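Student: Residue numbers (the working numbering), protein chains in the order written: chain A, 256 to 444; chain B, 20 to 112.
To be clear, the hints were calculated from the coordinates, so they are not data collected in a lab. No experiment lies behind these values; they were computed from the predicted model shown. Treat the hints loosely; a few may be bogus.
[Said to hold, decoys possible] Partial pick of chain B residues on the chain A-facing surface, computed with a CB cut under 8 Å:
hint, residue
1, Gln31
2, Leu34
3, Ala35
4, Ser38
5, Ser42
6, Asp44
7, Ser45
8, Ala46
9, Thr49
10, Lys54
11, Arg82
For each residue, glycine too, the CB sits at the ideal point set by N, CA and C.
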Amino acid sequence: MSTENQLSPKQSLDVITSMIQQAKGNTQKNSFYFLLWGCTIAVANLGVYIMLKFTQVENPYNMFLITLVSAAVSIVYGIRQNKKSTVSTHLDEIYKWVWMSFGATCFIFWIFGGKVGWQINPIITTLCAIPTFISGVLLKFKPLMFGGIVFWVSGAVIFLVDIETQFLLTSIAVIVCYIIPGYMLKRSE
Amino acid sequence: MFKDLDPLLHSQLRLAVVSLLISVDSAEFTWLREKTNSTAGNLSVQLDKLSEAGYVSIEKTFRGKRPLTTCKITRKGVKAFEDYVNSLKDYIK
Chain A
256 MSTENQLSPK
266 QSLDVITSMI
276 QQAKGNTQKN
286 SFYFLLWGCT
296 IAVANLGVYI
306 MLKFTQVENP
316 YNMFLITLVS
326 AAVSIVYGIR
336 QNKKSTVSTH
346 LDEIYKWVWM
356 SFGATCFIFW
366 IFGGKVGWQI
376 NPIITTLCAI
386 PTFISGVLLK
396 FKPLMFGGIV
406 FWVSGAVIFL
416 VDIETQFLLT
426 SIAVIVCYII
436 PGYMLKRSE
Chain B
20 MFKDLDPLLH
30 SQLRLAVVSL
40 LISVDSAEFT
50 WLREKTNSTA
60 GNLSVQLDKL
70 SEAGYVSIEK
80 TFRGKRPLTT
90 CKITRKGVKA
100 FEDYVNSLKD
110 YIK
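Given only the sequences and the hints, what does the whole structure look like? Please build it.
Tutor: This is the structure:
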């Protein structure tokens with residue numbers, strides 16, 4: 256591309272539109288996180304449900320410690336991806352901060368779960384709808400938008416069942432709303 | 020003929036760079052070079068001009084041992100681009 260040649264208005268517009276076109280479609284899809292966290296939350300919840308229902312394990316909630324492993328994996332993966340990417344779009348920034356805000360909110364609920372009668376699963380499932388639906392809108396990816404809507408419905412249903420069943424339903428919700436759309440997203444990348 | 024058009028933006032490569040930067044949050048030098056299909060030397064000179072005018076902010080860091088140049092459009096750059104596009108519209112009318 257040359258530098259100092261005199262541009263006609265049409266040429267100027269052509270440069271602008273072609274460059275904006277070039278910059279489009281650079282948003283990172285990040286199916287990795289949906290699959291990682293989908294599997295983590297599904298396994299943790301299913302594990303707790305099985306232990307509560309069929310075993311006498313003293314503290315089945317220790318299953319949730321696997322989230323710490325996934326958090327570490329996410330951080331390492333995020334740093335590596337950051338090193339690889341040569342551009343960051345406005346959508347990437349919104350996407351990142353929506354999920355970070357969600358993570359911070361979840362953390363508060365995990366810490367103070369006792370204050371809400373340990374109704375963490377329905378609360379977090381309902382909250383999950385927000386970043387999932389927004390991600391679907393940002394990526395123009397309908398399965399994730401659908402996942403967000405299913406999270407809202409699941410959240411409402413999970414409020415109505417006993418604590419034990421909550422773990423089973425949360426696990427199913429996560430498979431439907433994270434893992435399946437995440438896998439479809441991976442295939443579209 | 021084009022007296023109202025910002026001379027700094029009325030150049031193919033600089034206009035291309037600003038059009039790219041207005042579409043993203045930040046971009047590395049290598050990405051800009053690839054998208055504009057320009058040479059490193061030419062792009063570097065044009066980025067310096069845009070930076071001196073305050074249209075673009077340039078951050079030079081290191082990734083491992085490799086130098087890393089990250090560019091971002093400034094508020095002044097956004098305003099200049101908007102004015103340029105508005106002037107362009109007047110010419111096309």
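Student: Broken hints, numbered, in rising order?
Tutor: none
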